[in-house]
Amino acid sequence: MTPEPVARDPGARPGTLAWLLLAPLLAWLALFVVVPALLLLGCSLGERDEFGQVLWGFSLENYARLLDPVYLRIFLRSLGFAALTTGLCLLIGYPVAYHLARAAPRVRELLLLLVMVPFWTSFLVRTYAWMAILREEGLLNALVAWLQPAWAPLGLLYTPAAVVTGLVYSYLPFLILPVYASVEKLDGALIEAAHDLGAGPWRVFPTVILPLTLPGIAAGVTLVFVPAVAMFAVTDLLGGARVPLIGNVIQNQFLQARDWPFGAALGVALLGLFLVSQLVLRALRPRGALRG
Amino acid sequence: MSASIELDGVGKRYGAFTAVREVRLTIAAGEFLTLLGPSGCGKTTLLRMIAGFEAPTTGRILLGGEDITGIPPHRRPVNQVFQGYALFPHLSVRGNVAFGLRMRGVPPAELGRRVDDALALVSLEGLGERFPHELSGGQRQRVAVARAVVCRPQVLLLDEPFSALDAKLRQAMRAELQALQRRLGMTFVLVTHDQDEALALSDRIAVVNAGALEQVGPPREIYHRPATDFVADFVGHANLLPAERIGGSAGRIAVRLAGGLELDVPAERWPAGRGATRAVVRPEQVVLRPWRGEERPAGRALVTAVEFRGDREHLQVALREGGGLTLTAVHPGGEGDAADFAVGAEVAIGIPADHLWFLPGG
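Those sequence lines, one after another, are chains A and B.
Under this note's numbering, the first residue of the first sequence is numbered 1, with each subsequent residue one higher.
Under this note's numbering, the first residue of the second sequence is numbered 1, with each subsequent residue one higher.
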């Protein structure tokens, strides 16, 4: 092997220049992540007066309210919707990402562009478009009526299926891109080596391809699951607020009920959930060096 | 358990580009054969066709007399040591070595024993729990070899197995690999662009150029009796001197080389029926002495460059009467006579006639 360039000690402290270059990012993180998170935490420990003003204090009452079965059910439902969304994204997105990464360079560029194109339109506009598709007089029902005139129009909008469709549609690119990146890094010789050692086309996947693309899967799953749990726009527009999810409840507490402290407590609980799940994922990481 | 391979008119085209043109070659069971050639000559494509990663456009591949042309790689009793080794980074050494046995459904007890044996064979006992990134280059190569031979293939294919190692280690691993091949009696097919490797390891070398076999033979024959000027030039260094037949009698032929040297060479070394061809003069065949006046048969030359290599010196010498013809010569790198062979010194060159080879093709 050719001598490797001298590697920088990963534990080395960054120099002055590095700090200067990092400063904008650190300031941004402090102002828009750390401070709001602390405000949220502080707010969740307070109370509200009858006019909806926050009274700062120290009370765990808001957290006690979280244990109400109504909210627990909504929490669980949100996690269920997010899990279903993530599962469907994985099922649809992984094969797409895999073939994208293995396609000829020219085809690959075109397909990648197609994955990105939806981002050029506002997220809300795209969700309204789904309403136009799923409505009783919408495109999908028009298609059904044309193919099967005997069928009654399907009631698609304002159902859990519509919500999941909207969520999968919105978050699919966030799964495809990280998986694509990890498949692209996968050394083709490893797949050949597996074939050479007797693994048929179907056994190469679970033994070599899947374990080596796990980092991409983990990143994609996180990028889909976390925002999907807290999503409220899609559930409002496509679910018609008939199946409230945790995101809708939080939004309501802040904007309609004007109970900021309780909304904040819900938010903090959600944040804690993600933190715990990330720590668990980290602890489960396998020992072998995964290139990713 | 080792088998012969027969390439029967095997060719490979990619669109308009011909990577391999109808190669015919039989590799005997238990033989160590090297495909030697420059990069892009088609040697790797040939190996990949034997492994099953590429389908030949023409011809058949036979393993132990059986046609395996259409059989996919995972069902061929052939294993490969990949260039860069392609070890699975998510599996331990044991996991890597056991991979092929798992795919074949070998029962756990036998699997454990065979993995142990394979690790012992390459002296990696005790490193089974390590991961590839925790190993040195030489250890990685051994894992790659163990992973392939544990499956007891009828043929082991090796694609540039030493290219990821530094020079010292390369020497040591070379000797190990050769010993292993003798012990296993397995058919080995090695692909390399390194002529030293090919000469040191092989029973036979097949020199590949532009998708075709230039010459197939034992290392000594390839080196001392090259069939084409490509082989002469690619394997070792060669001075190719225009040579002309000027007479002959009683089993010997009188030859004049460019630069005026006249020699009587054995008739069997001169291509029958030809009036002129080129002589292959290896640098170590050129005998140098300090010039001390008129001598015969010796040419007069000027040293134009000296490259010191420790155990020897490579000299460029320009012939007086050769129209600017320059020869490369090798001279022992002693300290005593350095001044006699410095740049600008006049030397007498001699070439022993009995071991001079003449290209049959011109």
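By construction, these hints were calculated from the structure, which means they are not laboratory data.
Some hints could be false.
[Unchecked claim] Ranges between beta-carbon positions, derived for each pair:
(1) A:Ile209 <-> B:Gly334: 46 to 52 angstroms
(2) B:Ala55 <-> A:Arg106: 55 to 61 angstroms
(3) B:Asp117 <-> A:Leu21: 53 to 59 angstroms
(4) A:Leu76 <-> B:Arg104: 42 to 48 angstroms
(5) A:Leu17 <-> B:Ser163: 35 to 41 angstroms
[Stated by the list, open to error] Rough simulated footprint, nothing fancy, chain A against chain B, three-plus residues with beta-carbon under 8 angstroms:
(6) 69-76
(7) 88-100
[Said to hold, decoys possible] Derived contacts from chain A toward chain B, CB cut-off under 8 angstroms, selection only:
(8) Glu47
(9) Glu192
(10) Gly200
Glycine residues also receive a C-beta, built at the ideal position from the N, C-alpha and C atoms.
Original post:
Which of the stated hints cannot be reconciled with the structure, identified by number in ascending sequence?
Top reply: Violated hints (numbers, rising): 1, 2 and 8; every other hint is consistent with the structure.
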